[in-house]
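K.L.:
The chain contents come next:
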Amino acid sequence: MQEEIKAIVESYGRDKAFLVPILQDIQSRCNYLPRDILLELAEELAIPHSLVFSVATFYKAFSLTPRGKHIINVCLGTACHVRGAPLILDTLERNLKLKAGTTGADGNFTLETVNCVGACAVGPIMLVDEEYHGQMTVSKAEKVIGSLKKGDHS
Amino acid sequence: MIRLTIDNKEVVTEDGATILEAAARAGIRIPTLCYHEKLQPFGACRICVVEVEQMKGRLTPSCSTPATEGMVVRTSSEQIIKARKTVLELLLIQHPLDCPWCDKGGECQLQNLTYEYGVSRNRFKDKKSDHPVDYLSPLVERNTNRCVLCGMCVRVCDEVVGASEWSMVNRGISTKIATDFDRPLNCEFCGECENICPVGALTNRMFKFKARAWEVENVSTVCSFCSTGCAIKLSLKDGRIVRALGEEEGAANQGSLCIKGRFGYEYVMSGERISRPLVRKNGTLTPATWEEALQAVAEGLKAVKEQAGPGAVAGLCSARLTNEEAYLFQKLLRAVIGTNNVDNSGGYAHRGYSSGLSLPPLEFKDLQSCDRFLVIRSNVSETHPVVGYRVNVAVKQKGAQLIVADPRRIKLARFAQTYLAHKPGTEIALLNGLAHTILTEGLENREFVAARTEGIEELKKSLVQFTPSFVEQATGIAGKDLVEAARRFASGTRAAIIISAGMGFPGDDAALARCAANLALITGNAGKPGAGVLFLGEKSNSHGSVDMGAVPDLLPGPQELAKDPVRQAFAKAWGAAIAAEPGLTCEQIIAGAEQGSIKALYCAGENPLQAYPDTKKTKTAFGKLQFLVVQELFLTPTAQMAHVVLPAASFAEKDGTYTNAEGRVQRLHQALPPCGETKTDAEIFCRVAKALGKDLGSWNPAAVMAEIASLAPRYHAVSYATLTVKGHLLSDAADREAPGAEGAARFSLLPVDVIAPEAPSAEFPFTLLIGSTLFHCGTLSTRSSAICSVYPQARLEINPGDARALDIRDNDTVQVSSATGALTITAKIIARQSPGAVFIPYHFLSPAAQELASAAQLQTRVKIEKRTETSL
Ligand code: SF4
Ligand code: SF4
Ligand code: SF4
Ligand code: FES
Ligand code: FES
Chain A
1 MQEEIKAIVE SYGRDKAFLV PILQDIQSRC NYLPRDILLE LAEELAIPHS
51 LVFSVATFYK AFSLTPRGKH IINVCLGTAC HVRGAPLILD TLERNLKLKA
101 GTTGADGNFT LETVNCVGAC AVGPIMLVDE EYHGQMTVSK AEKVIGSLKK
151 GDHS
Chain B
1001 MIRLTIDNKE VVTEDGATIL EAAARAGIRI PTLCYHEKLQ PFGACRICVV
1051 EVEQMKGRLT PSCSTPATEG MVVRTSSEQI IKARKTVLEL LLIQHPLDCP
1101 WCDKGGECQL QNLTYEYGVS RNRFKDKKSD HPVDYLSPLV ERNTNRCVLC
1151 GMCVRVCDEV VGASEWSMVN RGISTKIATD FDRPLNCEFC GECENICPVG
1201 ALTNRMFKFK ARAWEVENVS TVCSFCSTGC AIKLSLKDGR IVRALGEEEG
1251 AANQGSLCIK GRFGYEYVMS GERISRPLVR KNGTLTPATW EEALQAVAEG
1301 LKAVKEQAGP GAVAGLCSAR LTNEEAYLFQ KLLRAVIGTN NVDNSGGYAH
1351 RGYSSGLSLP PLEFKDLQSC DRFLVIRSNV SETHPVVGYR VNVAVKQKGA
1401 QLIVADPRRI KLARFAQTYL AHKPGTEIAL LNGLAHTILT EGLENREFVA
1451 ARTEGIEELK KSLVQFTPSF VEQATGIAGK DLVEAARRFA SGTRAAIIIS
1501 AGMGFPGDDA ALARCAANLA LITGNAGKPG AGVLFLGEKS NSHGSVDMGA
1551 VPDLLPGPQE LAKDPVRQAF AKAWGAAIAA EPGLTCEQII AGAEQGSIKA
1601 LYCAGENPLQ AYPDTKKTKT AFGKLQFLVV QELFLTPTAQ MAHVVLPAAS
1651 FAEKDGTYTN AEGRVQRLHQ ALPPCGETKT DAEIFCRVAK ALGKDLGSWN
1701 PAAVMAEIAS LAPRYHAVSY ATLTVKGHLL SDAADREAPG AEGAARFSLL
1751 PVDVIAPEAP SAEFPFTLLI GSTLFHCGTL STRSSAICSV YPQARLEINP
1801 GDARALDIRD NDTVQVSSAT GALTITAKII ARQSPGAVFI PYHFLSPAAQ
1851 ELASAAQLQT RVKIEKRTET SL
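Just so you know, the protein sequences line up as chains A and B, in that order.
Per the numbering used here, the very first residue in the first sequence carries number 1; after that it's consecutive.
Per the numbering used here, the very first residue in the second sequence carries number 1001; after that it's consecutive.
For the record, the hints were derived by calculation from the structure and aren't laboratory data.
Heads up, the beta-carbon is just placed ideally off N, CA and C, and yes, glycines get one too.
Accuracy of the hints is not assured; some may be wrong.
[Said to hold, decoys possible] Which bits of chain B does chain A cover? Going by a derived footprint, with three or more residues having C-beta under 8 Å, they are:
1. 1179-1189
2. 1810-1817
[Claimed, not checked] Footprint (simulated), chain B over chain A, 3 or more residues, beta carbon under 8 Å:
3. 12-20
4. 136-148
[What the hints assert, rightly or not] Selected chain B positions facing chain A (in silico; Cβ < 8 Å):
5. Trp1166
6. Ser1167
7. Arg1414
8. Ser1761
9. Glu1763
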């Protein structure tokens, strides 16, 4: 891993101004931002540990805990909200036995919320691994999850 | 200059000032929560809003809005008050309002502003914040429920202290201040963050539940540890010190402190203090009355003086005595005993400023206007942390360029443009190499050299050999790096060279100081503020001890003992003849004791058996003394060998002055009555003299200073009547004529030969670097439990590669031995340690690094072996 971190840092010319894209690269490589790697990154870029942590916790896109195989996002932006997004979220929480913002013990699902993904016209929106599912209803949401679960078993 | 109107008042302020600063200049107060003059403006809290006519009455934060010509500002109006009230209401929504048991109560800005603006009810409602409190961090407690997110802790730690331990984490409503991954603090523990926190979110754990802010009495005095000489305030309650604060008015520190100044005062109230005189009876130290003890001292000294002459008596004093005490001590030896055998700091740690440096000291505040720094043999961030803060500010905020030369990758190396990891002990070759490069490349300041210096030709000749390739061979610094560093240094307009002195360093400081002065002079870095050499003595009165003549070859001033008129003046004033022959140095005194020519020794606050190199040798020597008197706070290893122990008062229990490294004479004020039967060193010296049948004069510090002022020209203007909290900057430090100014003194350029350190041998392959850590100063700080809670014990710092080769893991026990001694110690693997060299701080009694060193050698070579289970 050490080598990979070095390579990523190198690819940005060791410039601390690129901290955010470097973190993105690490996250896409590791699925989240592991503590050891962040501390190592701080050393590589010669910046304080606290700064890396501050940036990593500022952006919602970064996760400091391992994330599930599938990442489900429910939009709670105003437009989606008035079209019943909270109900969708409730359904998913119950179905996945997860609280929003957490990952299941089996590591299969992470349930998160966002505030508007720019597709208000077809809300409520649910994102599955960055794929948009529009005009969600409770039953549609359950179906999507069901097929993901099945896929996992096969 | 900018002219503006604030509250109908005409205000003139300098360019770049903010509205807030302009208002402050005019005596108009604007409330703030996130502004501090030491920090860059942040503009987060919005309590400081004002109206600017030109901005059509829009509210603007005064702390971050620059004042402009013709601006018309109002700092108070209905609209402003309403806005400030709203800010306070918003801050109070989640705030716990646990004022009755919050340690900031009474000096909390949120509390004060809430009261001032009469915010007695809140239009907004929400749950009170309920984060867990961090009780795990040593010395600083964090309760983020009380935080107002002003960010001052984050900024002071980053911008001033340079530790960057805190940051704002998360976002929006869940933003809070934290370390990475919210672990407990693991930092410099300076307490600057808790001190600056305007509310009770960060508090001083030593002060916890000790007193309400309004109950304490504050006594202003000076920190007793290093020669930065930070002005402090000791808060007292019920006759005890409950905390120490930096004095905002202090000229040396502007309110800042390091861990030692803020948390190190506890030794004063330690239960281990000696409170009664002790006299050795039948081989054991037994409590005695002052009368008995003084009698015993007089008899012991008199007997030796009568049998073997005054030259068989010697005195060693601590560089923590006040000026008045150091003066009385050398006067006691010179005028009453009749010997010049008086010295301090191991006889070598003061050489840099007592006999090496001929340039006037730099003023700390001017460091902030430097554009170049060369930091060499100085982990200034640890030896003199608050001076280190100034370097941080100059480099990180003002863009000064920094060259760090140190075998260890010290903290400042992180901010340096050039870092030179030279071989240990080769600083002189490096400085000469820099001077050589500057001269051969024609980068010197010709005008200055011609007008203000002499000896350039001799200097050039002496430097011929220091070519980049020669220096590379000697120091391990690649030629091109040397050249780059030389160019960087020479291209500045104000360069400061910073060097630390100390008991742990090799004894070649005088030569080092001369090389540094040469380098400063050829580049014209003298005679202007912020340019020159800053030689930092180790202890609170390291510089004053030399000024007071507590050295074998100088009389108070310091003035040269060798000069007849000088001696005559003192002889007349003291009514005693003064020997022309310089006295013995510490090293010679110890050797004399071993050979029998020194028979009586008076140690005043000095603890050679813990602080001097080659403990074994010193111990043997002291064992042969006919009479040893030790005046101390604690029963140190040296005191344990004494025939008489005289209990002395601590810095907090006396009046006096210290002179810091910039030549500032500052006043100590007594905060506590002397512990037990202890007396101030000044009084003891006078009483000893009396027991010897002589009169040393008054021990009243003001009267002693008047006597010093009458005899030492540099101290002429120092008087207790006029000393303020800013102290008095000695005249030569303040006196910086422009180059070429009429009558301006010429500086001598003095060639220096290099003494090459012996190469590591096959038997002892490692170089041992002995020095100070951030957390301690001398041996005194090891008596403060707060400091020991974060740094309890010496450990060997070793580079990861070396550790691997020796199969040493973190926290393994290792045996370190040199030709002089051996010890066992815990290993700490640390990347900043350079390969081939190991580091041990010297402060501790056990393991005592100085057991391995020898005053005869510049570098200590050691071997390191891992202790296996069976060998333990
Ligand atoms: S105690 Fe000092 S070093 Fe530690 S976090 Fe506070 S300001 Fe920073
Ligand atoms: S802890 Fe104190 S200094 Fe730090 S942000 Fe909060 S209120 Fe400000
Ligand atoms: S030890 Fe030195 S830097 Fe630290 S507070 Fe005391 S005088 Fe200041
Ligand atoms: S509110 Fe959901 S996409 Fe905009
Ligand atoms: S003091 Fe100006 S915004 Fe906080």
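K.L.:
Take the shortest C-beta to C-beta distance between serine 1761(B) and chain A; is it under 8 Å?
P.N.:
35 Å, violated
K.L.:
Would the hint on glutamate 1763(B) be counted as holding, given a Cβ-Cβ threshold of 8 Å to chain A?
P.N.:
36 Å, violated
K.L.:
Is the interface hint satisfied for serine 1167(B)? The criterion is a beta-carbon contact with chain A at less than 8 Å.
P.N.:
Holds, because the Cβ-Cβ distance from serine 1167(B) to chain A comes to roughly 4 Å (cut-off 8 Å).
K.L.:
Between the region 1810-1817 of chain B and chain A, see if three or more residues pass the 8 Å beta-carbon test, and mark the coverage as holds or violated.
P.N.:
violated (count 0)
K.L.:
Taking the closest Cβ pair, is arginine 1414(B) under 8 Å from chain A?
P.N.:
6 Å, holds
K.L.:
How about the region 136-148 of chain A: do at least three of its residues have a C-beta closer than 8 Å to a C-beta of chain B?
P.N.:
This one is violated; 0 residues, fewer than the three required, reach chain B with a Cβ under 8 Å.
K.L.:
Take the region 1179-1189 of chain B, compare each residue's beta carbon with every beta carbon of chain A, and decide whether three or more fall closer than 8 Å.
P.N.:
Holds: 3 residues of the region 1179-1189 of chain B have a Cβ under 8 Å from chain A.
K.L.:
Counting residues of the region 12-20 of chain A that have a beta-carbon nearer than 8 Å to any beta-carbon of chain B, does the count reach 3?
P.N.:
Check failed, 0 qualifying residues.
K.L.:
Would you check whether tryptophan 1166(B) satisfies its interface hint, that is, whether its CB is within less than 8 Å of any CB in chain A?
P.N.:
Result: holds, 6 Å to nearest chain A Cβ.
Violated hints for the displayed structure, listed by number in ascending order: 2, 3, 4, 8, 9.
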